[in-house]
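Please arrange chain B on chain A, whose structure you already have, making use of the hints.
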Amino acid sequence: MYDEISKISALESDQTEKLHNKQAILPPSTKPSAERITAPPVSLTNVSVRYNDLIAIEQANLDVPAGQITALVGPSGCGKSSLLSTINRMTDTIPGCHVSGEIWVGDKNILHTSTDLSYLRRQVGMVFQQPNPFPLSIEENIRFPLKEHGIRDKATVNHMIESVLTQVGLWPEVNSRLKQNALRLSGGQQQRLCIARCLALKPSVILFDEPCSALDPLASATVEELIKQLTPTYTVLMVTHNLAQARRIADHIAVCWMQSGCGCIIESGDTESIFERPIHPITRAFCQGDKG
Amino acid sequence: MVSNIKSKYAANELNLNKAKFKHNIIALAIWSTALLTVSLPLMMLWTIGVEGFPQLSLQFLLTEPTHAGRSGGILPMLISTLWILCICLVTVVPIGLGCALYLSECVTADSTIGRIVGLSLDVLSGVPSIVFGLFGYAVFAIQLGLGFSILSGGLSLACMVLPLFIRTTEQALRACPTAYRRAAEALDLSLFAFVARILLPSAASNIAIAFIISTGRALAETAVLIFTAGYVTRIPSHWSDSGRALSVHIYDLSMNVPGGQPNAAATAVVLMLLIIVINLVAHRLSKRWQLLE
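Listed in order, the protein sequences are those of chains A and B. Here numbering that gives the first Met the number 0 is used: position 267 in the first sequence is 266, and no number is missing along the way. Here numbering that gives the first Met the number 0 is used: position 62 in the second sequence is 61, and no number is missing along the way.
Mixed in with the good hints, there may be bad ones.
Said to hold, decoys possible - Restraint ranges, calculated between C-beta atoms of paired labels, are given here:
no.	chain 1	residue 1	chain 2	residue 2	range
1	B	L15	A	G186	27 to 37 Å
2	A	N157	B	L34	34 to 44 Å
3	A	Q287	B	A195	46 to 56 Å
4	B	L15	A	L217	42 to 52 Å
5	A	S75	B	S6	50 to 60 Å
6	B	A33	A	S185	37 to 47 Å
7	B	L39	A	D91	44 to 54 Å
What the hints assert, rightly or not - Selected chain A positions facing chain B (in silico; Cβ < 10 Å):
no.	residue
8	N87
9	D91
10	L217
11	A218
Derived by calculation from the structure, the hints in this document are not laboratory data. We put the beta carbon where it would ideally sit given N, CA and C, even for glycine.
With the rest of the complex left out, here is chain A (with noise of 0.2 Å):
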């Protein structure tokens, strides 16, 4: 495990040079660089989630702060993913589901109605459970929603697939059978291919829910520092069912919890006082491993 890790750091000083060199669309996570809009911080106001007369999420509060890593932990149906998939309004599309209160990304309330949803979608990446590339070739994966986007011009185009694959350490891996199909690919390397993809459209905040409990312990390490590295370019909220992975990555972290049959957030705070003072007696047996 540390082997892969320690290869993927030296891939991630060897990428940081050639994106310098090429003056990257995308600058290496390491080093956040002004051309760059800054990360916006994300924060939740008494959100409510309702799927017809079921409530899901109940007055939900909650900050992420700009450029850091949050994880939002809980078990299973307690409605963590529900609240995630608020952010970029992927819940408009269930039948039923209906989302009340205040998220704000930036200086903006998405659930707005004069929300730009193309826009939101751009600006908030999401990256899901199981690696979901399309079944296209390992380029196409990118270049696909690039273009559907407006950016077809073919050097661009191709220079955005080399830096978000290098970016997420899959262009040493793949770089020569960029036309393969990318379902061919591992399971962790599809993950990467997915984050690519996510940030060729350059979000500004990436969602993840719960990206490593499909692959397996080695992949799984990868990925995590892969989301450790995309810091503090972007502003990252995850899904995880893995405490200690959230306390391995994450700078803050929220616990979601089943209160009188809804899901809320009983505490959030960061990594250290979560972990090591927590507040809420739920909290304190969950942490220690009492509960959950």
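Chain B in isolation, oriented as in the chain A frame:
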């Protein structure tokens, strides 16, 4: 003591033997039902083949029938069948694909409009083919003035095949993993781009199978065509001409023409071979597509 254990052993052995026997009987029963299923089409091919194969020759395929079909070949029927099939499929594929896309992408199965469309499809697919024949006759032949023609036949056949094609295509589209849909949504891809680049290619092999099933169904249909395409044995020169399909020819020879049985069997062999070939092609295509994926 020892004899007691021995007798226990023996009893146990007996029970085991009984269980084995029971198992064998059940296995035999299951095997024989499977054998029966396999032998049915073979028996059918055999019965028709014995009578039909001796009549079969290139001559049979390339000449016109004489003596009301007792002798001669089936060239006009082959041509009429192909015409009717073409018109039917050219109508069915765009309408069916559109409707299937609408059902799978634009409405949920439990929405009012989804239910209404679904219900009407179910009703349509349950309607006996003779009713489609009468409907086609009343609407296409009489009201629209198309008369007994390849066009009325093809269109009536399309009405009959449509629900089958829509349902099978809809299933093919719904089989597309939701993960792709979610990814497309999160990346804000347009519905058109998603359908054209991801959905249709990933469902292509299953849609091809839907197409083949529909072709087979259309190829085998008789009742719809008697009332609409007619049964003139000439080679049709235009789609407004009347023409006799293969299945209608089989029906006519075996029902209305004394001594027409051998040629009816030969025509049936041709029809079955056509359907088998079409199915094989579909199978090969879907395999190749899967490899490409």
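How the hints compare with the structure:
1. L15(B) with G186(A): 27 to 37 Å: 47 Å, violated
2. N157(A) with L34(B): 34 to 44 Å: Given range 34 to 44 Å: violated, Cβ gap about 60 Å.
3. Q287(A) with A195(B): 46 to 56 Å: 52 Å, holds
4. L15(B) with L217(A): 42 to 52 Å: 49 Å, holds
5. S75(A) with S6(B): 50 to 60 Å: 56 Å, holds
6. A33(B) with S185(A): 37 to 47 Å: 40 Å, holds
7. L39(B) with D91(A): 44 to 54 Å: Holds - the Cβ-Cβ distance for L39(B) and D91(A), about 52 Å, lies within 44 to 54 Å.
8. N87: Holds - the Cβ of N87(A) comes within 10 Å of chain B, reaching about 6 Å at its closest.
9. D91: 9 Å, holds
10. L217: It is violated, given that the least Cβ distance between L217(A) and chain B is near 23 Å, above 10 Å.
11. A218: Violated, because the Cβ-Cβ distance from A218(A) to chain B comes to roughly 17 Å (cut-off 10 Å).
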